[in-house]
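Numbering-wise (our numbering), the sequence shown opens with residue 103 and increments by one.
Hints were generated in silico from the structure; no laboratory data involved. Incorrect hints may appear among the rest.
[Said to hold, decoys possible] Derived SDA-like pairs: lysine to any residue, alpha-carbon spacing no greater than 20 Å straight-line:
(1) LYS350 <-> GLY433
(2) LYS239 <-> ALA229
(3) LYS350 <-> THR397
(4) LYS333 <-> ALA406
(5) LYS350 <-> ILE254
(6) LYS333 <-> ARG300
(7) LYS239 <-> ALA194
(8) LYS333 <-> LEU375
(9) LYS333 <-> PHE367
(10) LYS239 <-> TYR184
(11) LYS239 <-> ARG295
[What the hints assert, rightly or not] FRET-style restraints, in silico, Cβ to Cβ:
(12) TYR212 <-> ASP337: 50 to 60 Å
(13) VAL328 <-> SER220: 45 to 55 Å
(14) ARG320 <-> ASP439: 24 to 34 Å
(15) TYR212 <-> MET488: 31 to 41 Å
Idealized CB from N, CA, C, for every residue including glycine.
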Amino acid sequence: MSFLELRAAVLSGALVLGAVCSASAQTVGSERPFRGLFGAPDVTGRGQTLAFDWSLLGAYDDNVVADSATAVDSRFAVNGMYGGASSALTYAAEREHMSFSVTGTSSGRYYPDVRELSAFDGGAGLAFRSDLGRRTKIDVAQSFAYQPYYGIDFMGSLAPSESATENAGGQSDQIGLQSRSSFGLDGQFGLERTLGARSSVRAHYGYRTMRFGGGEDRYSWRLANVAFSRKLTRDVAVRAGYGYGVGKNTVATAVPSVVNHNLDFGVDYNRQLSFSRRTRIHFSSGSTAVVDRATTDYRLIGTAGLTQEIGRSWRANAAYNRGLQYLPGFGEMFFADTVQLGVGGLVARRVEAGATGGWTAGQLGLERAADSYSSATAAANLRVAMSRTLSFFVQYTYYRYGFDAGAQMPFDLPPQLNRQAIRFGISGSLPLIGRRSVS
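Make a model of the complete structure from these sequences and hints.
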């Protein structure tokens with residue numbers, strides 16, 4: 103496997119509030135027909151859809167900075183109200199051996215007491231998958247994002263990995279710590295070929311780059327890897343491969359490039375439990391070698407998860423990840439253990455609820471005396487459908503992080519932060535082409 107993916111729906115944007123319920127239900131399958139209050143785009147088999155999603159919200163934000171002597175933008179540390187709006191236009195098409203999608207997003211926030219903080223963000227992305235004959239498949243993705251604020255997202259910022267660009271695009275709900283704009287590009291290309299009934303080989307290249315403001319501060323990584331996989335049984339497969347990745351961050355200091363050699367030897371296990379068709383477990387293991395300042399460090403990495411279907415509409419999941427991570431602005435890599443939990447579903451015919459939580463802890467840098475850190479996030483939301491295309495939502499979110507006092511923080515940010523917010527508003531989903539499936 104490549105660098106371990108750290109994926110979570112943490113502090114989800116108002117546009118997709120309630121996605122803990124909807125997204126999980128939309129991927130369940132035909133035996134569980136519930137697909138969220140607005141349903142899922144009906145492009146199964148062959149067809150196309152064009153949908154416009156939007157939201158309007160109000161929010162109360164409480165930001166308490168533990169060390170007020172640091173150079174955080176003090177205007178973000180004041181409790182208060184703000185308003186926001188977001189929109190997304192998504193086109194998707196699917197054929198028997200091909201799928202294509204393109205999305206454009208935009209959102210804005212308005213602070214009535216501090217108007218100079220009001221700003222807009224935006225993003226766009228496309229994805230293409232196709233079969234090239236019976237044995238070969240390709241997938242391509244590219245995205246662009248603009249952010250007016252700088253923040254630290256421990257759960258959503260991904261290390262170089264094959265899946266790192268899947269959720270790329272504008273993060274309309276990024277936690278703002280400073281007024282510092284950034285422009286980001288993500289891209290990937292994959293080619294997979296089956297070698298008989300049990301074996302396959304896959305090659306992949308991906309990149310991410312981010313430039314802060316109009317200066318030369320930049321964060322980037324790129325990764326190329328190839329891996330061979332063979333199934334031993336229906337549920338167990340072994341992998342053998344190699345990946346080469348390079349990451350660089352010029353924000354804090356002129357840090358030399360960090361080189362990663364993915365020694366991709368591991369086991370993948372994915373099984374539906376025999377005593378419960380509603381329960382599925384999976385785990386994957388691997389290893390990586392990181393070259394930093396002429397020093398090579400070897401680490402074991404892995405992931406494990408459990409998914410439980412509950413009734414017709416509810417789903418609960420738990421995941422554990424151990425691996426390496428890059429975060430924009432930091433000159434050192436992170437090595438972390440991460441736990442994520444989520445649950446969501448229908449409370450009543452027109453009411454869905456969901457909750458997510460995440461905790462991560464590890465070290466900043468790979469030396470034995472490296473600074474330690476931890477972070478926790480939580481979110482709970484409720485959404486009520488007022489019609490087929492309109493709903494009311496309310497959400498509570500919590501976010502905290504803490505670093506050792508000696509940790510080198512980007513842009514003079516504080517080593518400790520606690521923050522919570524309540525958001526409420528209305529959201530809508532309007533199908534322009536095609537239709538959405540309903541329960």
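Hints and how they fare:
1. LYS350 <-> GLY433: 8 Å, holds
2. LYS239 <-> ALA229: The hint holds at about 14 Å.
3. LYS350 <-> THR397: With a Cα-Cα distance of about 16 Å, the restraint between LYS350 and THR397 holds, given a limit of 20 Å.
4. LYS333 <-> ALA406: 18 Å, holds
5. LYS350 <-> ILE254: 17 Å, holds
6. LYS333 <-> ARG300: 5 Å, holds
7. LYS239 <-> ALA194: 19 Å, holds
8. LYS333 <-> LEU375: It holds: about 18 Å lies between the C-alpha atoms, which stays within 20 Å.
9. LYS333 <-> PHE367: 14 Å, holds
10. LYS239 <-> TYR184: Violated. LYS239 to TYR184 sits at ~46 Å, over the 20 Å cutoff.
11. LYS239 <-> ARG295: With Cα atoms ~6 Å apart, LYS239 and ARG295 stay inside 20 Å; holds.
12. TYR212 <-> ASP337: 50 to 60 Å: Roughly 51 Å apart at Cβ, these two residues keep to the hinted range, so it holds.
13. VAL328 <-> SER220: 45 to 55 Å: 47 Å, holds
14. ARG320 <-> ASP439: 24 to 34 Å: 29 Å, holds
15. TYR212 <-> MET488: 31 to 41 Å: 24 Å, violated
Going through the hint list in order, the structure does not satisfy hints 10, 15.
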